[in-house]
Amino acid sequence: MKSAEISIRNPVGTILIVLAVVVLGFFSIPRIPVSFWPEFIAPALIVMVPYPGADPEVIEDQIAEPLEENLSTIDGIDEIETTCMEGVCQMTVRFEWGIDFDQAKLDVQERTNKARSSFPRDIQEPTVLQVQDFLPPGIEIGFFSNKRDLSEIRDFIETRMKNRFLRLSNVATVQISGGEEKYVTVSLNPEKMKALGLTFSQISSIIASENNDISAGKLETRWRNNFIKIMGKFENLSDIENVIIAAPNGVPIYLKNVAQVAFRNLERESITRLDGKEIVSVSIREKSGGNTVAMVNEVRQELEDIRESVPEDIQIRIIRDQSVFIKQSIRNVLRNAAIGAVLASLIILLFLGNLRNTLIIVLSIPISIIGTFILINFAGLSINTISLGGLALGVGMIVDSSIVVIENIYRHLKENQDGDRQKTVVSATREVGLAVTSSNLTSIVVFLPLAFLIGLFAVLLGELALTVVFALSLSVIVALTVVPMLSYKLMRINGRKGMMRSLAAAWQNLFERVVSIYRYLISGALHHGFMTLLAAFLLLILFIRFITPLLDVEMLPAINQGEFRIELSLAEGTRLEVTDNTVKNLEQGLSRYEEIDQIYTLVGVFSARGELKSNFSTVTVNLKEDRMESLEEVMSRIRREFRNLPGTELVVRQTDVTEGMRREPVDIRIFGPEPEVLNDIGEKALTQIKKIPGVVNLSSSLQEGLSEIGIYIDREKAGNFGLNTAQIASTVRTAVRGATVTRLSSYDTEYDITVEVVETEMQNINDVLDLPVTTARGFSVPLRSVASFTLERSPSEIKRLDQQRMLEIKGDVSGRPQRQVLEEVRQAINQLDLPTDYYISFGGQSRSIADSFRSLLTALIIAIFLVYVVMGAQFNSFIHPFTIAFTIPLAVIGVLLGLFIFGSSLSMNALLGMIMLVGIVVNNGILLIDYINQLRSRGMSKDDAIIEAGATRLRPILITTLTTIFGMLPIALGLGKGGEALQPLGAVVVGGLATSTLLTLIVIPCVYSLLDRVRMKDEG
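Residue numbers (my numbering): 1 to 1020.
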């Protein structure tokens, strides 16, 4: 190839180009975004419709059903999952991957606005959020003081800090939890109102209209024009108290005559604690598809700038910083890559026995890797554990091309020591150039099927595939240009005498013995070819039969961050104070655990977005680095110790960066029209599942109903007074819940002004029935004169999927293989006797695993076919590629063994490893079959050619195999932070390559011999 000749003739130019690549690579690195996972936007939207005070049945009837009907006709929708809870409708709209997501967002927003006209008038504004908004925040900050109350701290954050964070380029949302919020209460006395003939709506309207600055025109003078404005906005409580609400007979009636006006703390909706101390917390999320590390860096810098204006007594503490783990994980991947490179280099040195020649090969690693960063930057990829994992996995493969080239150059120079050195190097490079390119092509072509995949895993795997393709492509260029140039300048045929040469000689003697043993083994195998193949086949069957059941199956491996979450829920309707007391008992128990470093508690906060639920609490626990017990052991202890906490449902779940992409393994969906029947089926299913060992964290939408007072309007009586249901409902709502009518601006802070009834006047249902309702004629009648009531129970939560009512049971798996547990769950559920019109489906991780594995298995089959096509073109034969393809099933033995030995699960990453393996394992077969054909073309007999080719190619096969294995070994061991992410992939490649290489050297010659015998018979 002319590339070698050009590089040798222009060494300075070649070196300068290499330096340019290195410099550009280093300049590219800071420009590349940094995150744990590749950047992606999941095609899912969350529609939130708050309706404070409404029960789930009302929300289902008046919000969920009309909204579902409007959204269901949008193109590309996969499913619509709805949860109707007290005071809010939450709808998750999942789209098919590959759609125009921007258009989908516009469609959902448009249909939501269209449906709004059919909603109740007093709902709050619906919001449409991207699903990433429900992932854990990138950074959480705690604020507390020993001198101030929490309401002051919260006010300070709201007025001085929140907007500064929101202005940062990478920040999407800022959520404040804990502390107390103040508001202005206008507490009306119903009896005084009744005496004056005033209604809630009248007083509310007057207060709202009085709180305005009103333009009064323009005064024109000789020198200037002056605009006139009547200053009516409230500045203090006195302004509100002195609002005139009536003037019978010309005598003014002030608001203070019928109401008490005062500042009051809002009823607490959430409580936040850090290690037992109550705090105000701020949770900040990056923009969808954003850069977590960049966002956290911006926030930390802004926090430093803000500190100067923060009062000295307010202390600030970082509760959680996701960027720390991300940076640790990335450093760990780089460290593993470096360890792999060192191990691969030692293998090369061991076989070559020459330090200078080894360095020539090793130089291809940094050049290829640094150059890859340029391509990563141009391709718009990010630096993450997946893309860097591709580099770490490729370290051992990068040197393969250089090994083949330098070994061939060395052999030619040794045979032709007196010839023209330049011509010899060029000739040697040209001789293997096509083979090097072809062998790398088989490793690259296996990634092409991934381009046809859609979905989350196409996004994740795509970056790894591109990174490996970039690195291998550059390694070929380096092998055919830089390596020949350096070999021409630096290579020695006979190294200097010394310890290195002595060690090399000793190793060579040992290797010669290995070659002799191999000759004996292959000779015996050829004489018993059929039995050899049968033994290999039986070995494969045995491993599939006995090892496969021992392997767990999961979507993605959990990433151990040394953190877990305890979710605690009490009966629906439980007050926040009661929930908090229960959580305090839990915290007190946790404080005895020596392994625990930090306890962060959110009481009343239901989801990552901050939805409120007074009976729910989340306790996030961080463990110490130097603990004796593992994360799973600590979690199991806590499950056992607190499982009987009175009146609670406890879920203990590992927290990690994959949880937003993983669903619960156990997810059973029961569909049917009648809630009572659904509950009955759900209770039976729950009873059966609880009996299955290994199922933990069971939860269901089967819950005790909410206590409800049903007020029934007598329409005939109400009509006689000129009243309708909406008017009566508005009066009751204002009296019971209050109505925010306007805001008071005071000292740069805004407070809601809420009209409500004096607390002492609203103690029981009779007080509600005594409420005055103003008739159309202007006089008041008590509510009881037009209404009656009953005590009822309504569902605490209603689940729906694709416009059908659903009861859902979810759970995790611990202590047993997930696949076995899920199979037992399926068997238990299938034994249930279901009435007509009721059916059960399985969702969650089991569905996701089936879909993803189906796609990846398709990609694996296509990859095998493409490799066959490349080999067929290389050998110009249909039979030889078929012979070499036998290396692939042989690799399955090592795949299963590797997963078992390294303790990995059969996951999406493991399947990707199999796809990679298809392109790697055939290279040994290509090298072997190619040389057998060469020897036979020179007149050697078939068996002699097979034995000689095996003995001759044993050295390069072992070098390339061992460098790849040792290069990937740190990944397979899952060393360091975040190492679990790629461990299954490394385990598959290491195990598969090790066994396939050993079996290839014995089995492939036998396959070649048998197929050749069949071919000869056909031709004869």
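Source of the hints: derived by calculation from the structure; they are not laboratory data. There's no promise every hint is true.
[Stated by the list, open to error] Listed next, the in silico EDC-like pairs over lysine to aspartate or glutamate satisfying Cα-Cα at most 20 Å (straight line):
1) Lys162 to Glu79
2) Lys287 to Asp321
3) Lys691 to Glu676
4) Lys684 to Glu823
5) Lys105 to Glu79
6) Lys162 to Glu407
7) Lys182 to Glu278
8) Lys584 to Asp275
Structure-based check of all given hints:
1. Lys162 to Glu79: 35 Å, violated
2. Lys287 to Asp321: 16 Å, holds
3. Lys691 to Glu676: 24 Å, violated
4. Lys684 to Glu823: Holds, at about 18 Å.
5. Lys105 to Glu79: 15 Å, holds
6. Lys162 to Glu407: Not satisfied, since the Cα-Cα distance of roughly 64 Å exceeds 20 Å.
7. Lys182 to Glu278: Answer holds: Lys182 to Glu278 is near 18 Å, not above 20 Å.
8. Lys584 to Asp275: Since the Cα atoms of Lys584 and Asp275 sit roughly 11 Å apart, the hinted pair holds (cutoff 20 Å).
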